[in-house]
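Colleague: Sequence:
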Amino acid sequence: MFFSKIHLLCTYSSYYSADVLYKVTKYRCNLFNMRSWLKMVNLFYLLLLSNICQAESKLTFGVNSPGSPPYVYLTKNSTEYKGVIPDILIKLKQLHGYQINYIDSFRIRTETFLYNGDIDSFLSSSNWLKFPGKLIYSHPVAKHRSYLYSSQPFTGKFKLEDILGVNVCTRRGYIYPALREYFSSGKLQRIDSSNQLSMLNMVKINRCNMAVMHEFNALTILSSEEFQADKIYQSPFPVDVVDLSIILRPELIEVKQLLDDIIIQMKISGELEASLRHHIKAGK
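Residue numbers for the sequence shown follow our numbering, so the first one is 1 and each next one is one higher.
Think of the hints as simulated: they come from the structure by calculation, not from any bench.
Note that the structure is a prediction, hence the values are computed from the model and not measured.
Possibly wrong hints are sitting among the right ones.
What the hints assert, rightly or not - In silico PhoX-like links for lysine-lysine, alpha-carbon gap of 20 Å or less:
| hint | residue 1 | residue 2 |
| --- | --- | --- |
| 1 | K93 | K231 |
| 2 | K82 | K134 |
| 3 | K187 | K159 |
| 4 | K58 | K256 |
| 5 | K91 | K256 |
| 6 | K256 | K134 |
| 7 | K93 | K82 |
| 8 | K93 | K58 |
| 9 | K157 | K143 |
Stated by the list, open to error - Label-pair distances were calculated between CB atoms; the ranges are:
| hint | residue 1 | residue 2 | range |
| --- | --- | --- | --- |
| 10 | K231 | H96 | 26 to 36 Å |
| 11 | F131 | E215 | 25 to 35 Å |
| 12 | G133 | I232 | 37 to 47 Å |
| 13 | G97 | F237 | 36 to 46 Å |
| 14 | I232 | E181 | 22 to 32 Å |
| 15 | S57 | G156 | 48 to 58 Å |
| 16 | S224 | E80 | 19 to 29 Å |
| 17 | K76 | S185 | 35 to 45 Å |
For each residue, glycine too, the CB sits at the ideal point set by N, CA and C.
Please model the complete structure; the sequences and the hints are all you need to start from.
Modeller: Here is the structure:
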(Lines of atoms letter the chains of each structure in order from A; the text may use other names.)
(Lines give C-alpha, C1' and ligand atoms only; values in the text may rest on other atoms or scores of the structure.)
Protein backbone atom coordinates (compact mmCIF):
# COMPACT_ATOMS: atom_id res chain seq x y z
CA MET A 1 0.00 0.00 0.00
CA PHE A 2 2.80 2.32 0.94
CA PHE A 3 4.73 1.51 -2.21
CA SER A 4 1.60 2.00 -4.28
CA LYS A 5 1.24 5.52 -2.89
CA ILE A 6 4.90 6.24 -3.61
CA HIS A 7 4.47 4.97 -7.14
CA LEU A 8 1.37 7.07 -7.60
CA LEU A 9 3.16 10.14 -6.22
CA CYS A 10 6.15 9.60 -8.51
CA THR A 11 3.91 9.05 -11.48
CA TYR A 12 1.96 12.22 -10.65
CA SER A 13 5.20 14.16 -10.10
CA SER A 14 6.60 12.93 -13.39
CA TYR A 15 3.41 13.84 -15.17
CA TYR A 16 3.34 17.25 -13.46
CA SER A 17 7.02 17.88 -14.24
CA ALA A 18 6.49 16.89 -17.85
CA ASP A 19 3.45 19.13 -18.06
CA VAL A 20 5.35 22.07 -16.56
CA LEU A 21 8.27 21.42 -18.89
CA TYR A 22 5.90 21.35 -21.85
CA LYS A 23 4.22 24.56 -20.78
CA VAL A 24 7.54 26.33 -20.11
CA THR A 25 8.90 25.12 -23.43
CA LYS A 26 5.72 26.23 -25.20
CA TYR A 27 5.87 29.60 -23.43
CA ARG A 28 9.49 30.07 -24.43
CA CYS A 29 8.72 29.14 -28.01
CA ASN A 30 5.78 31.52 -28.05
CA LEU A 31 7.93 34.21 -26.45
CA PHE A 32 10.66 33.58 -29.01
CA ASN A 33 8.15 33.72 -31.85
CA MET A 34 6.65 36.91 -30.45
CA ARG A 35 10.06 38.51 -30.14
CA SER A 36 10.92 37.46 -33.67
CA TRP A 37 7.62 38.83 -34.91
CA LEU A 38 8.20 42.12 -33.08
CA LYS A 39 11.67 42.36 -34.57
CA MET A 40 10.24 41.80 -38.04
CA VAL A 41 7.56 44.44 -37.43
CA ASN A 42 10.15 46.92 -36.17
CA LEU A 43 12.39 46.19 -39.15
CA PHE A 44 9.45 46.72 -41.50
CA TYR A 45 8.60 50.08 -39.94
CA LEU A 46 12.24 51.16 -40.00
CA LEU A 47 12.45 50.34 -43.69
CA LEU A 48 9.15 52.10 -44.33
CA LEU A 49 10.29 55.16 -42.36
CA SER A 50 13.60 55.14 -44.22
CA ASN A 51 11.83 55.12 -47.59
CA ILE A 52 9.52 57.93 -46.49
CA CYS A 53 12.44 60.01 -45.26
CA GLN A 54 14.32 59.40 -48.50
CA ALA A 55 11.29 60.45 -50.52
CA GLU A 56 10.87 63.62 -48.44
CA SER A 57 14.59 64.44 -48.65
CA LYS A 58 14.69 65.11 -52.37
CA LEU A 59 14.38 68.56 -53.92
CA THR A 60 14.11 69.06 -57.67
CA PHE A 61 15.24 72.48 -58.90
CA GLY A 62 14.30 73.71 -62.37
CA VAL A 63 16.93 75.67 -64.30
CA ASN A 64 15.95 78.10 -67.04
CA SER A 65 18.29 76.77 -69.72
CA PRO A 66 21.13 77.51 -70.21
CA GLY A 67 21.28 79.04 -66.74
CA SER A 68 22.43 82.49 -65.74
CA PRO A 69 25.54 83.62 -63.85
CA PRO A 70 25.92 84.33 -61.01
CA TYR A 71 22.84 82.42 -59.84
CA VAL A 72 22.82 79.04 -61.64
CA TYR A 73 25.16 78.21 -64.53
CA LEU A 74 27.43 75.62 -66.11
CA THR A 75 31.13 76.18 -66.68
CA LYS A 76 32.77 75.15 -69.93
CA ASN A 77 34.59 72.15 -68.49
CA SER A 78 31.94 70.89 -66.08
CA THR A 79 28.46 69.39 -66.10
CA GLU A 80 27.91 70.38 -62.47
CA TYR A 81 25.89 73.51 -61.81
CA LYS A 82 27.65 76.39 -60.07
CA GLY A 83 26.33 79.64 -58.66
CA VAL A 84 24.74 81.33 -55.68
CA ILE A 85 21.74 78.98 -55.70
CA PRO A 86 23.84 75.77 -55.69
CA ASP A 87 25.85 77.31 -52.82
CA ILE A 88 22.58 77.68 -50.89
CA LEU A 89 21.21 74.27 -51.83
CA ILE A 90 24.43 72.45 -50.92
CA LYS A 91 23.85 73.66 -47.36
CA LEU A 92 20.35 72.18 -47.48
CA LYS A 93 22.03 68.90 -48.36
CA GLN A 94 24.80 69.15 -45.76
CA LEU A 95 22.64 70.34 -42.87
CA HIS A 96 19.39 68.50 -43.55
CA GLY A 97 20.24 65.60 -45.86
CA TYR A 98 18.32 66.74 -48.94
CA GLN A 99 19.28 65.29 -52.30
CA ILE A 100 19.30 68.08 -54.90
CA ASN A 101 18.39 67.31 -58.51
CA TYR A 102 18.62 69.92 -61.29
CA ILE A 103 16.36 69.77 -64.35
CA ASP A 104 16.97 71.87 -67.49
CA SER A 105 13.92 73.62 -68.86
CA PHE A 106 12.70 76.91 -70.33
CA ARG A 107 11.17 79.85 -68.49
CA ILE A 108 7.52 79.21 -69.42
CA ARG A 109 7.77 75.43 -69.03
CA THR A 110 9.59 75.69 -65.70
CA GLU A 111 6.76 77.66 -64.14
CA THR A 112 4.19 75.22 -65.56
CA PHE A 113 6.18 72.28 -64.21
CA LEU A 114 6.03 73.83 -60.74
CA TYR A 115 2.25 74.31 -60.87
CA ASN A 116 1.87 70.69 -62.03
CA GLY A 117 4.17 69.33 -59.31
CA ASP A 118 6.76 68.03 -61.82
CA ILE A 119 9.49 70.03 -60.08
CA ASP A 120 9.77 71.44 -56.56
CA SER A 121 11.42 74.81 -57.04
CA PHE A 122 13.11 77.34 -59.29
CA LEU A 123 14.56 80.86 -59.06
CA SER A 124 12.26 83.73 -59.93
CA SER A 125 10.34 86.74 -58.65
CA SER A 126 6.71 86.79 -57.61
CA ASN A 127 6.34 89.78 -59.98
CA TRP A 128 7.00 87.53 -62.97
CA LEU A 129 4.62 84.67 -62.16
CA LYS A 130 1.24 84.02 -63.77
CA PHE A 131 -0.34 82.79 -60.54
CA PRO A 132 1.83 84.08 -57.67
CA GLY A 133 -0.79 83.21 -55.04
CA LYS A 134 -0.46 79.48 -55.80
CA LEU A 135 3.19 79.28 -54.76
CA ILE A 136 5.41 80.12 -51.77
CA TYR A 137 8.71 82.01 -51.71
CA SER A 138 11.93 81.81 -49.76
CA HIS A 139 13.55 84.79 -48.10
CA PRO A 140 14.92 87.01 -50.92
CA VAL A 141 18.27 85.87 -52.27
CA ALA A 142 19.19 89.06 -54.14
CA LYS A 143 17.89 92.14 -55.91
CA HIS A 144 17.31 91.68 -59.64
CA ARG A 145 18.02 94.89 -61.57
CA SER A 146 17.08 95.22 -65.23
CA TYR A 147 18.61 97.95 -67.39
CA LEU A 148 18.18 99.12 -70.96
CA TYR A 149 21.13 98.61 -73.32
CA SER A 150 21.70 100.56 -76.49
CA SER A 151 24.34 101.17 -79.16
CA GLN A 152 23.81 104.90 -78.53
CA PRO A 153 24.68 106.65 -75.24
CA PHE A 154 21.89 107.67 -72.86
CA THR A 155 21.46 111.24 -71.71
CA GLY A 156 22.17 112.09 -68.10
CA LYS A 157 18.52 112.98 -67.52
CA PHE A 158 17.22 109.88 -69.26
CA LYS A 159 13.66 108.76 -68.57
CA LEU A 160 11.39 106.23 -70.29
CA GLU A 161 9.21 108.95 -71.78
CA ASP A 162 12.22 110.03 -73.87
CA ILE A 163 12.28 106.80 -75.86
CA LEU A 164 8.64 106.35 -76.84
CA GLY A 165 8.11 104.56 -80.14
CA VAL A 166 11.43 102.67 -80.19
CA ASN A 167 11.90 98.91 -80.59
CA VAL A 168 13.00 97.05 -77.45
CA CYS A 169 14.42 93.52 -77.59
CA THR A 170 12.97 91.25 -74.91
CA ARG A 171 13.28 87.61 -73.89
CA ARG A 172 10.44 85.47 -75.20
CA GLY A 173 8.08 84.40 -72.41
CA TYR A 174 9.44 86.94 -69.92
CA ILE A 175 7.31 89.47 -68.07
CA TYR A 176 8.61 93.02 -67.57
CA PRO A 177 6.35 94.64 -64.93
CA ALA A 178 7.84 98.13 -65.24
CA LEU A 179 7.44 98.12 -69.04
CA ARG A 180 4.11 96.26 -69.28
CA GLU A 181 2.05 99.42 -69.70
CA TYR A 182 4.43 100.80 -72.36
CA PHE A 183 4.27 97.59 -74.38
CA SER A 184 0.51 97.10 -74.07
CA SER A 185 -0.23 100.71 -75.09
CA GLY A 186 2.18 100.60 -78.02
CA LYS A 187 4.40 103.34 -76.62
CA LEU A 188 7.28 100.87 -76.92
CA GLN A 189 7.48 98.07 -79.50
CA ARG A 190 8.42 94.70 -78.07
CA ILE A 191 10.55 92.33 -80.19
CA ASP A 192 10.97 88.88 -78.64
CA SER A 193 14.16 86.87 -78.87
CA SER A 194 15.12 83.39 -77.71
CA ASN A 195 18.11 84.39 -75.56
CA GLN A 196 20.13 87.33 -74.24
CA LEU A 197 23.00 86.90 -76.69
CA SER A 198 20.60 87.22 -79.59
CA MET A 199 19.06 90.31 -77.97
CA LEU A 200 22.38 92.15 -77.77
CA ASN A 201 23.34 91.06 -81.28
CA MET A 202 20.09 92.60 -82.53
CA VAL A 203 21.03 95.83 -80.77
CA LYS A 204 24.48 95.70 -82.34
CA ILE A 205 23.07 95.46 -85.88
CA ASN A 206 20.35 98.04 -85.09
CA ARG A 207 17.48 95.62 -85.51
CA CYS A 208 16.44 96.73 -82.03
CA ASN A 209 17.05 100.21 -80.68
CA MET A 210 17.46 98.79 -77.19
CA ALA A 211 17.38 95.61 -75.15
CA VAL A 212 16.12 95.17 -71.60
CA MET A 213 18.31 92.78 -69.61
CA HIS A 214 19.44 91.81 -66.16
CA GLU A 215 22.71 93.55 -65.32
CA PHE A 216 24.68 90.32 -64.72
CA ASN A 217 23.50 88.70 -67.95
CA ALA A 218 24.57 91.77 -69.90
CA LEU A 219 27.90 91.94 -68.06
CA THR A 220 28.67 88.31 -68.90
CA ILE A 221 27.90 88.74 -72.61
CA LEU A 222 29.55 92.15 -73.04
CA SER A 223 32.73 90.81 -71.41
CA SER A 224 33.02 88.06 -74.05
CA GLU A 225 35.39 88.30 -77.04
CA GLU A 226 32.45 88.67 -79.42
CA PHE A 227 31.63 92.12 -78.04
CA GLN A 228 35.12 93.43 -77.27
CA ALA A 229 35.11 95.72 -80.31
CA ASP A 230 31.55 96.96 -79.78
CA LYS A 231 30.35 99.78 -77.60
CA ILE A 232 27.07 99.04 -75.82
CA TYR A 233 25.74 101.54 -73.29
CA GLN A 234 23.76 100.86 -70.12
CA SER A 235 20.92 103.13 -68.99
CA PRO A 236 21.90 105.34 -66.02
CA PHE A 237 19.32 103.70 -63.77
CA PRO A 238 17.50 100.35 -63.74
CA VAL A 239 14.05 100.22 -65.32
CA ASP A 240 12.97 97.49 -62.93
CA VAL A 241 14.10 96.16 -59.52
CA VAL A 242 12.57 93.04 -57.95
CA ASP A 243 13.44 90.50 -55.27
CA LEU A 244 14.71 87.13 -56.44
CA SER A 245 13.62 84.16 -54.34
CA ILE A 246 13.53 80.39 -54.54
CA ILE A 247 9.94 79.66 -55.58
CA LEU A 248 8.43 76.47 -54.13
CA ARG A 249 5.31 74.35 -54.25
CA PRO A 250 2.99 75.29 -51.35
CA GLU A 251 3.29 71.81 -49.81
CA LEU A 252 6.99 72.43 -49.14
CA ILE A 253 6.53 74.91 -46.31
CA GLU A 254 9.10 73.08 -44.14
CA VAL A 255 11.69 73.30 -46.93
CA LYS A 256 10.94 77.02 -47.26
CA GLN A 257 11.60 77.51 -43.54
CA LEU A 258 14.91 75.63 -43.80
CA LEU A 259 15.94 77.72 -46.82
CA ASP A 260 14.94 80.94 -45.04
CA ASP A 261 17.23 80.06 -42.12
CA ILE A 262 20.12 79.23 -44.49
CA ILE A 263 19.73 82.39 -46.60
CA ILE A 264 19.40 84.68 -43.57
CA GLN A 265 22.44 83.12 -41.89
CA MET A 266 24.49 83.45 -45.10
CA LYS A 267 23.50 87.14 -45.31
CA ILE A 268 24.46 87.80 -41.69
CA SER A 269 27.83 86.07 -42.07
CA GLY A 270 28.61 87.79 -45.39
CA GLU A 271 28.82 84.43 -47.13
CA LEU A 272 25.97 85.23 -49.54
CA GLU A 273 27.60 88.47 -50.71
CA ALA A 274 30.92 86.66 -51.12
CA SER A 275 29.22 83.94 -53.18
CA LEU A 276 27.60 86.58 -55.39
CA ARG A 277 30.90 88.38 -56.03
CA HIS A 278 32.72 85.10 -56.72
CA HIS A 279 30.21 83.86 -59.28
CA ILE A 280 29.97 87.23 -61.03
CA LYS A 281 33.69 86.91 -61.80
CA ALA A 282 33.59 83.17 -62.51
CA GLY A 283 30.63 83.50 -64.86
CA LYS A 284 32.30 85.98 -67.19
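Colleague: Are K93 and K82 close enough, with their CA atoms no more than 20 Å apart?
Modeller: Status holds; Cα separation ~15 Å.
Colleague: Lying within 48 to 58 Å: is that true of the beta-carbon distance S57 to G156?
Modeller: Given about 54 Å between the Cβ atoms, the range holds.
Colleague: Quick check on a hinted range of 35 to 45 Å for K76 and S185, using CB atoms only.
Modeller: holds, 43 Å
Colleague: Honestly, do K231 and H96 meet the 26 to 36 Å range at C-beta?
Modeller: The hinted range 26 to 36 Å is violated for K231 and H96, with Cβ atoms some 48 Å apart.
Colleague: Check whether the Cα positions of K93 and K231 lie no farther apart than 20 Å.
Modeller: violated, 43 Å
Colleague: Taking 19 to 29 Å as the stated bounds, is the beta-carbon spacing between S224 and E80 within them?
Modeller: holds, 22 Å
Colleague: Between K58 and K256, is the straight-line Cα distance small enough, at 20 Å or below?
Modeller: holds, 13 Å
Colleague: Does K134 sit within 20 Å of K82, going by the straight-line distance between their CA atoms?
Modeller: Cα-Cα ~29 Å, so violated.
Colleague: Would you check the hint for K93 and K58, treating anything up to 20 Å between C-alpha atoms as holding?
Modeller: holds, 9 Å
Colleague: Does the beta carbon distance between F131 and E215 stay inside 25 to 35 Å, or does it fall outside?
Modeller: holds, 28 Å
Colleague: Is 22 to 32 Å respected by the C-beta to C-beta distance linking I232 and E181?
Modeller: holds, 26 Å
Colleague: With a cut-off of 20 Å on the C-alpha distance, tell me whether K256 and K134 pass.
Modeller: holds, 14 Å
When the structure is compared with the earlier hints, violations turn up for hints 1, 2, 9 and 10 and for no others.
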